[in-house]
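Asks: Top to bottom, those sequences are chains C and Z. For the record, in the first sequence the residue sitting at position 273 is 273 according to the working numbering, with numbers rising by one throughout. For the record, in the second sequence the residue sitting at position 186 is 1186 according to the working numbering, with numbers rising by one throughout.
By construction, these hints were calculated from the structure, which means they are not laboratory data. Some hints could be false.
Claimed, not checked - Derived list of chain Z stretches under chain C, where covered just means 3 residues or more per stretch with a C-beta under 8 Å from a C-beta of chain C:
hint, stretch
1, 1030-1036
2, 1086-1093
3, 1169-1180
To be verified - Residues of chain C clear of chain Z, computed beta-carbon distances all greater than 12 Å:
hint, residue
4, Tyr62
5, Val75
6, Phe99
Glycine included, every Cβ here is placed at the ideal spot set by N, Cα and C.
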Amino acid sequence: MAAGNPTSGRLGNAGTYVFLAVVSAFMLVPIYWIVATSFKPTSEILVTPTTLLTTHPTLDHYRTALAGDFRRYLVNSLIAAGGSTALGFVLSVPAAWGFAKFAYPGSSALLSFTVVTRVFPPIALALPFFLQFRAFGLIDNPLGLIIAYLPIVLPLMIWILTGFFRDFPDELVEAARMDGLGTPGILVRIVMPLSLPGLGVAALFGFLVAWNEFVIALTITRTPAAQTMPVGISTLITQFQTLWGEMMAVAAIYLLPVLAVTVATQRGLVRGLMAGSTKG
Amino acid sequence: MQPAPGTRAPAPPAGARFRPARRYDGSRSLTGLLLTLPALIALAVTMVYPVAWTVWLSLNGPETAMRGTTDFQGLGNYTRIAGSSGFRAALWQTLQIVLASFVLEAVLGLAVALALHRGLRGSKVFSAIVALPLMVAPIVGALSWRFILVDGYGMIDSIAGTFGASGPLWFADVWLARASIVIANLWMALPFDILMLLAGLASLPSDPLEAARVDGATPWQLLVFIMLPLLKPVIAVILVVRLADAFRIFDVVYVLTGGGPANSTDVLSTYIYRQMFTVLDFPGGAAAAILLVLITAAFSLLAVLLLRDRRPDN
Chain C
1 MAAGNPTSGR
11 LGNAGTYVFL
21 AVVSAFMLVP
31 IYWIVATSFK
41 PTSEILVTPT
51 TLLTTHPTLD
61 HYRTALAGDF
71 RRYLVNSLIA
81 AGGSTALGFV
91 LSVPAAWGFA
101 KFAYPGSSAL
111 LSFTVVTRVF
121 PPIALALPFF
131 LQFRAFGLID
141 NPLGLIIAYL
151 PIVLPLMIWI
161 LTGFFRDFPD
171 ELVEAARMDG
181 LGTPGILVRI
191 VMPLSLPGLG
201 VAALFGFLVA
211 WNEFVIALTI
221 TRTPAAQTMP
231 VGISTLITQF
241 QTLWGEMMAV
251 AAIYLLPVLA
261 VTVATQRGLV
271 RGLMAGSTKG
Chain Z
1001 MQPAPGTRAP
1011 APPAGARFRP
1021 ARRYDGSRSL
1031 TGLLLTLPAL
1041 IALAVTMVYP
1051 VAWTVWLSLN
1061 GPETAMRGTT
1071 DFQGLGNYTR
1081 IAGSSGFRAA
1091 LWQTLQIVLA
1101 SFVLEAVLGL
1111 AVALALHRGL
1121 RGSKVFSAIV
1131 ALPLMVAPIV
1141 GALSWRFILV
1151 DGYGMIDSIA
1161 GTFGASGPLW
1171 FADVWLARAS
1181 IVIANLWMAL
1191 PFDILMLLAG
1201 LASLPSDPLE
1211 AARVDGATPW
1221 QLLVFIMLPL
1231 LKPVIAVILV
1241 VRLADAFRIF
1251 DVVYVLTGGG
1261 PANSTDVLST
1271 YIYRQMFTVL
1281 DFPGGAAAAI
1291 LLVLITAAFS
1301 LLAVLLLRDR
1311 RPDN
C-alpha cells in the first residue's frame, strides 16, 4: 500500500515496529504515571526510589480529592465548558450555515478573519477581561468564564461547521424550500438532523478547548466558587507542600473522559482538525 | 422533488461550487448577513473590542486602566518594554522553544506518520496510542512530566536509583529546564502533527507516486520530490497552528518550571502575565501582549506565504 516510503527500505518491518513501540511508550508514560501514582499510598509516593507499580493500591487519594474543593472545580469546569459550548452552538450553527451557503459581499473575508483568530494568544484578552469583568462583578463568577470563553470556542465551532455545511447537498435544501420551509425551518428540521456527526465534532472541540483552558481562568477566578479544574490543579502545585497523590487522582479523573473521547471519536477528531484546511 | 432548471437565480453548476467569481443575489445576501450577524456581534464584543481596548491601554499611562482617564503616551510603553531585558530574554527564550519544538515535531511527526502509513499489522493500535495526548489539557500533561522529571521521588530518578545512580536535576539547570519544556510540549503536540500528516498521506493521489516509482525513484526521492510537495497544504496548516501554539505557550511553563531557574525559561506569555498581574504594569503588559500578537501574526503570515500553492501560471 505505502511502498515508496523511506522507512520501509531502511528499517524493514522489525525496525518500524521498534520505532513505533518507542514512540508509543513516550506517549503512554505520563498517562501511566498519573494513574499509577493516584492509586499509591502516600508512603510510597515520596520515597526514593519510588515504586513503579504499587502492591498496595488504595482509593484514599480519590476520597480526599472528592471530599475537598475538587467537586467544586469539576462542577465549575462543567458549567464553564458546557455553557460556552451551548452558547457557541446556538451562535455558530446559523453563522456557519450562512458562511457556507449564503455568500454576501465581504462574507469570505469575515470568515477568514474568524478562522485567523485561532492563532490568537489568549493572554492578550486577559487584561481587558480582568478590568472589564471587575466593573461588572463577573470576576470569580462562572458566567464570566462562559462569556470569556466565547472568543475561543466560537471561531473554532464556526470553522468546523462551515467545513461540514459546505458539503451539504443543495438539492435537499431546494426540495425543502419547495415544500414551503423557510431558512430557519430548513436549518432546524433538515440540515441539523442530517449533520449530526459535524455538530458532534464541533461541540466536542468547543467543549474540550474550554475544558482545558487555563490562562483566562487563572486571571478571572479567585476562589473555588468559580475556579476550574486546571486552575484548581495548579494551585495544589504552587502551594508550599505539593500533594502529589491527591493531585494525580484529580488529574486521572480529569484525564480519563478526555482519553476515552479521543479514542472513541478519533476519525471525527481528525475530520474536525482537517475541516477548513483543505478548502477555503 | 427537483427544482425545474432555471427557476432559481445563480445556481452554480455541479462541481463548480463557490470558486468561480460569483454575483451576489440581494435576498440571499441578506439571509447570509442575518444568519452570521449574531455570531459576528458576539465576536466583536468578546474579541475585537477587548483587543482594541488593549491597544488603547498600551498607548496610555497607568491611569487609563485604573480610572479610564486619557493619558496618551504614544509608543512610549512599546519602546520601554521592547528595550527591557525581561522582555528580550522572554522573546529570545520563546523563539528557542518554538524553533526546537518545530524541528523535533517535524522530524518525529513525519517519521511516525510515514511508519504508520505503511499499514503494517497493528498500525491501528499504534495510531490510537500515539493520538492519546491529543486532547489532554496542557496543565495535566505538564503536571505529569513534572512528576516524572522531578529529582528525588520522580520516575526518572527512581529508575536511576534502582541502579544506584541518580538522574539529572532537571529544574535547577538552565538548559535541562528548557529541555523539559520542549519534551512536555512535544508530548502534547506530536499527536496533532501525526494525525494531520496521516490524513494528508491517506489522501495523496497514487498516480504521481506510481509514475515516479516506475521511473526508478528511490524512496527518499519519492518523499522529498513527490510526497512533501503534495502535502504542502497540510504542512501549511500544521505549521500555522503549531507556530501559534508555541508562541503563546503558557500552561506548560507555568506548571513545569514557573519560568525558573532565575527566569531562564520565562516565555512571552508568562512574562506578560507577570507584568500585568504581579508587577501590575498594565500599560507595559498591554504593550507586550500586542507585540506578541504582532509577532505571532508575522510568523503565521510568513508560513502561509512560504507554503502557498503557487500555480504554474508564469
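Asks: Could you run down the list of hints and mark each one as holding or not?
Replies: Now the hints, each set against the structure:
1. Counting residues of the stretch 1030-1036 of chain Z whose beta-carbon sits less than 8 Å from any beta-carbon of chain C gives 7, enough to reach three: the coverage restraint holds.
2. With a threshold of 8 Å between beta carbons, the proposed coverage of the stretch 1086-1093 of chain Z by chain C is violated, since 0 of its residues qualify and at least three are required.
3. Counting residues of the stretch 1169-1180 of chain Z whose CB lies closer than 8 Å to any CB of chain C gives 0, so the stated coverage by that chain is violated, three being the minimum.
4. With 12 Å as the threshold on Cβ separation, the claim that Tyr62 (chain C) sits away from chain Z holds: the shortest Cβ distance comes to roughly 16 Å.
5. Annotated as non-interface, Val75 (chain C) keeps its C-beta farther than 12 Å from every C-beta of chain Z; the closest such distance is 17 Å.
6. Distance to chain Z contradicts Phe99 (chain C) as a non-interface residue, since its nearest Cβ pair spans about 6 Å, not more than 12 Å.
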